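K.L.:
So you can see what is in the structure, the chains are spelled out below.
Protein chains: 6
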Amino acid sequence: MSNETPVLFITRRAHFNAAHKLFNPLWTKEENDEVFGKCANEHWHGHNFDLFVTIKGHANPNTGFVMDLKRLKTIIEKEVVEKLDHKNLNLDVPFLQGVLPSIENIVIAIWNILILHLPENVKLHKLHLIETQNNSVEYYGPNIPF
Amino acid sequence: MSNETPVLFITRRAHFNAAHKLFNPLWTKEENDEVFGKCANEHWHGHNFDLFVTIKGHANPNTGFVMDLKRLKTIIEKEVVEKLDHKNLNLDVPFLQGVLPSIENIVIAIWNILILHLPENVKLHKLHLIETQNNSVEYYGPNIPF
Amino acid sequence: MSNETPVLFITRRAHFNAAHKLFNPLWTKEENDEVFGKCANEHWHGHNFDLFVTIKGHANPNTGFVMDLKRLKTIIEKEVVEKLDHKNLNLDVPFLQGVLPSIENIVIAIWNILILHLPENVKLHKLHLIETQNNSVEYYGPNIPF
Amino acid sequence: MSNETPVLFITRRAHFNAAHKLFNPLWTKEENDEVFGKCANEHWHGHNFDLFVTIKGHANPNTGFVMDLKRLKTIIEKEVVEKLDHKNLNLDVPFLQGVLPSIENIVIAIWNILILHLPENVKLHKLHLIETQNNSVEYYGPNIPF
Amino acid sequence: MSNETPVLFITRRAHFNAAHKLFNPLWTKEENDEVFGKCANEHWHGHNFDLFVTIKGHANPNTGFVMDLKRLKTIIEKEVVEKLDHKNLNLDVPFLQGVLPSIENIVIAIWNILILHLPENVKLHKLHLIETQNNSVEYYGPNIPF
Amino acid sequence: MSNETPVLFITRRAHFNAAHKLFNPLWTKEENDEVFGKCANEHWHGHNFDLFVTIKGHANPNTGFVMDLKRLKTIIEKEVVEKLDHKNLNLDVPFLQGVLPSIENIVIAIWNILILHLPENVKLHKLHLIETQNNSVEYYGPNIPF
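Going down the list, the protein sequences come from chains X, Y, B, D, G and E.
First residue of the first sequence? That's 1 in our numbering, and the numbers climb one at a time after it.
First residue of the second sequence? That's 1 in our numbering, and the numbers climb one at a time after it.
First residue of the third sequence? That's 1 in our numbering, and the numbers climb one at a time after it.
First residue of the fourth sequence? That's 1 in our numbering, and the numbers climb one at a time after it.
First residue of the fifth sequence? That's 1 in our numbering, and the numbers climb one at a time after it.
First residue of the sixth sequence? That's 1 in our numbering, and the numbers climb one at a time after it.
It should be emphasised that the hints constitute simulated quantities derived from the structure, not laboratory data.
Just so you know, these numbers come straight off a predicted model, no measurement behind them.
No residue lacks a Cβ here, since even glycine has one placed at the ideal position from N, Cα and C.
Take the hints with a grain of salt, since some may be wrong.
Unchecked claim - Simulated restraints on C-beta separations:
hint: 1; chain 1: X; residue 1: 99; chain 2: D; residue 2: 121; range: 41 to 49 Å
hint: 2; chain 1: X; residue 1: 77; chain 2: G; residue 2: 33; range: 24 to 32 Å
hint: 3; chain 1: G; residue 1: 82; chain 2: B; residue 2: 28; range: 39 to 47 Å
hint: 4; chain 1: X; residue 1: 146; chain 2: D; residue 2: 71; range: 49 to 57 Å
hint: 5; chain 1: B; residue 1: 82; chain 2: D; residue 2: 117; range: 42 to 50 Å
hint: 6; chain 1: Y; residue 1: 81; chain 2: B; residue 2: 77; range: 32 to 40 Å
hint: 7; chain 1: E; residue 1: 37; chain 2: X; residue 2: 113; range: 20 to 28 Å
hint: 8; chain 1: X; residue 1: 113; chain 2: Y; residue 2: 121; range: 52 to 60 Å
hint: 9; chain 1: X; residue 1: 146; chain 2: Y; residue 2: 68; range: 45 to 53 Å
hint: 10; chain 1: G; residue 1: 34; chain 2: B; residue 2: 82; range: 13 to 21 Å
hint: 11; chain 1: E; residue 1: 4; chain 2: G; residue 2: 29; range: 45 to 53 Å
hint: 12; chain 1: B; residue 1: 77; chain 2: D; residue 2: 71; range: 37 to 45 Å
hint: 13; chain 1: G; residue 1: 34; chain 2: D; residue 2: 82; range: 50 to 58 Å
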């Protein structure tokens, strides 16, 4: 590692607009309403989601880049945004089938997709999924201690 | 009007998260897809909507207020936000029944509700409905010339 | 006007952090609490205020400027921001003495100061004073009809 | 107009990152430095520009749209953003040749391009060009009185 | 822990508008003015404060939630926002008595309140208190090494 | 450390507008165009850069400050902003001579300047450089493991 540049963290923003509801099919409607409140509305509601994808790595001396952000953008668009944008997160998304689409579960599912598609010289460091200006979730992968 | 303070414009922001789709029931699925693209997704999509309500009037010399913003907030919450937040704009909203919920049609419908509930000493001046950071609509009422 | 460029509207943002309370000294404490609620807290509260100053005029063919924004910035800083920033709007500001500092009354007072200091080739068009992300006031001067 | 919906104002945001300098070739370097200050730096500086394009028109009863925002986006991208994004506004832009690229002159030039490409059923109402969070310009076309 | 979901970080935003001044009562007015500058203005100044509260925990498999954000909101509103909003941070807040209300000291005091009220299955991870768009403080609790 | 307050993280925002291009002089124009795309435009492009500087330390019991933010602001303005604002990052900046001005390389260079000027009782913790709302880089210094 002696000739390498230091480790840097690069973040790319993506955006998607989607519908969902919070509903546990093992519960009654009353139980769902009590736990999830208006988020359980059977006819769905929706959000403008912002997703910040942070990778880490060493900058390439020839390009100054940890990773070409155009390439990162393309991966995020193809693997995540195209599958979520203007979709119903409960019904339309293959990688969310059978998942209760809380922001916690969505962000874990996105992580599990993205790690399959990044080049070997970088690591996925963090996902930050913003549902509203008041609510968001961050995920650093499955190995963070409580 | 000799003793009155000048006319001022007061704006209150409201917020709601809702699902909708753009779909004309008189058209085939193909025609809808061609015109509305991914906004026609049959399983809905959704947005975080910001609504800026602007009224105009003279400031009351005793309060300095054109209108008590707490009162304006209460009207907007009761008449608009409670009926739209975490709802499906195609299915759940009495004042949007039979309306294709484009931002244009939504904002006209909100205007027609709000003018019924404002006090006589102010006028509704403008509604600004922001669907995404890229798309928004403004409406100044039905009497604006083209 | 045949050789003049078209009319353009230029906006400069300023910022100040200030304390105030809403309190009518002709009323009892109970009356103030009823009308102004928590804004009447006797020990003050405060805000980060954003002020957007919009002027209009023709662009100078030699500079491309309606008005040098550095000069406009200097006027706003000297005449408005220095007198309001980190001040108590009820106690510390000469041009607000005896004024109930609602955003309506503040913006009128700022207008009356700024029109004295602008060059003759531009007109003050609008002031937009933002108290919180939910509440703001716009003022176009004293001659706007209701 | 009896069967028409009311007039609405639709705004689409665009974005471009560009270099420029403010420099009048008829003046000496000293005169340019005095008038334009650091904006005259001979080696250029740059900005992230946000452009808000507002059109007005009647909503089509079949679509709910004043204008298909996808089509408006395509026009703005092709006629404006592709010609300005990652460009030098003094050197690279055909429609700015010989123009001192102040935000005033840029916005007029963008207006003169866009009016050639909009459909007949809408009118270009306003351009709002934001250079920094402190500085912006609005233009409503050449016929606004001072 | 073998059956548990991974650790996630959930953030809820709160907001309060408050007055304060920076003033050390053990010093003279001159010493305070020298150290604190305009922040020492005896008649107070104020801010719109944004507070981001981040907790960490495992998502509950039945709800998808690390913690019900409605419950987190209620705790923050009751224990923090109601005690700070539209208050004077030097005079009105029981948990800030005798504390010089710098953003550093405010955020530590909020931490010490919030940890008393969170459920056992989550941990308070970070508080981010934003005083202005230029100034903010983050606190991760008392055990972070320098 | 027994008498010390806990460690806190303080962030100050700075801002500069600059031009740059991404271009490796060891490559042909075609190679540069292929790797850097429109960022290689020979006539430059530019951005509004936001820089968030985070330091950590213990709050001084007499002031409540980890570090006087006015002093931190002065250091950032003098050592960083004055050298970057309204400059060409490829041509005008002494501490970027010979550096390909990607955001990765810029942020490392800013770190290496700032650590020379901070007082001994604080540590530089993080730099966050935001080039556009979609792209940013974070740097925690040279000792972070991959």
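K.L.:
With reference to the structure, classify each hint as holding or not holding.
P.N.:
Hints and how they fare:
Checked against the hint of 41 to 49 Å, the pair residue 99 of chain X and residue 121 of chain D passes, with Cβ atoms roughly 45 Å apart. Distance hint check: the CB atoms of residue 77 of chain X and residue 33 of chain G are about 55 Å apart, inconsistent with the given range 24 to 32 Å. One distance hint, 39 to 47 Å for the beta-carbon pair residue 82 of chain G and residue 28 of chain B, is violated here, with the actual separation near 25 Å. Between residue 146 of chain X and residue 71 of chain D the C-beta distance comes to about 51 Å, which sits within the given range of 49 to 57 Å.
A beta carbon spacing of about 46 Å between residue 82 of chain B and residue 117 of chain D agrees with the range 42 to 50 Å that was offered as a hint. One distance hint, 32 to 40 Å for the beta-carbon pair residue 81 of chain Y and residue 77 of chain B, holds here, with the actual separation near 39 Å. A hinted range of 20 to 28 Å for the beta carbons of residue 37 of chain E and residue 113 of chain X is consistent with their spacing of about 26 Å. The hinted range of 52 to 60 Å is satisfied by residue 113 of chain X and residue 121 of chain Y, whose Cβ atoms lie roughly 56 Å apart.
Under the hint 45 to 53 Å, the C-beta atoms of residue 146 of chain X and residue 68 of chain Y, about 47 Å apart, fit the expected range. A hinted range of 13 to 21 Å for the beta carbons of residue 34 of chain G and residue 82 of chain B is consistent with their spacing of about 19 Å. In this structure, residue 4 of chain E and residue 29 of chain G break the distance hint of 45 to 53 Å, their C-beta atoms being roughly 28 Å apart. The hinted range of 37 to 45 Å is satisfied by residue 77 of chain B and residue 71 of chain D, whose Cβ atoms lie roughly 44 Å apart.
At roughly 55 Å, the beta-carbon separation of residue 34 of chain G and residue 82 of chain D lies within the given 50 to 58 Å, and the hint holds.
Hint check: violations occur at hints 2, 3, 11; the rest are consistent with the structure.
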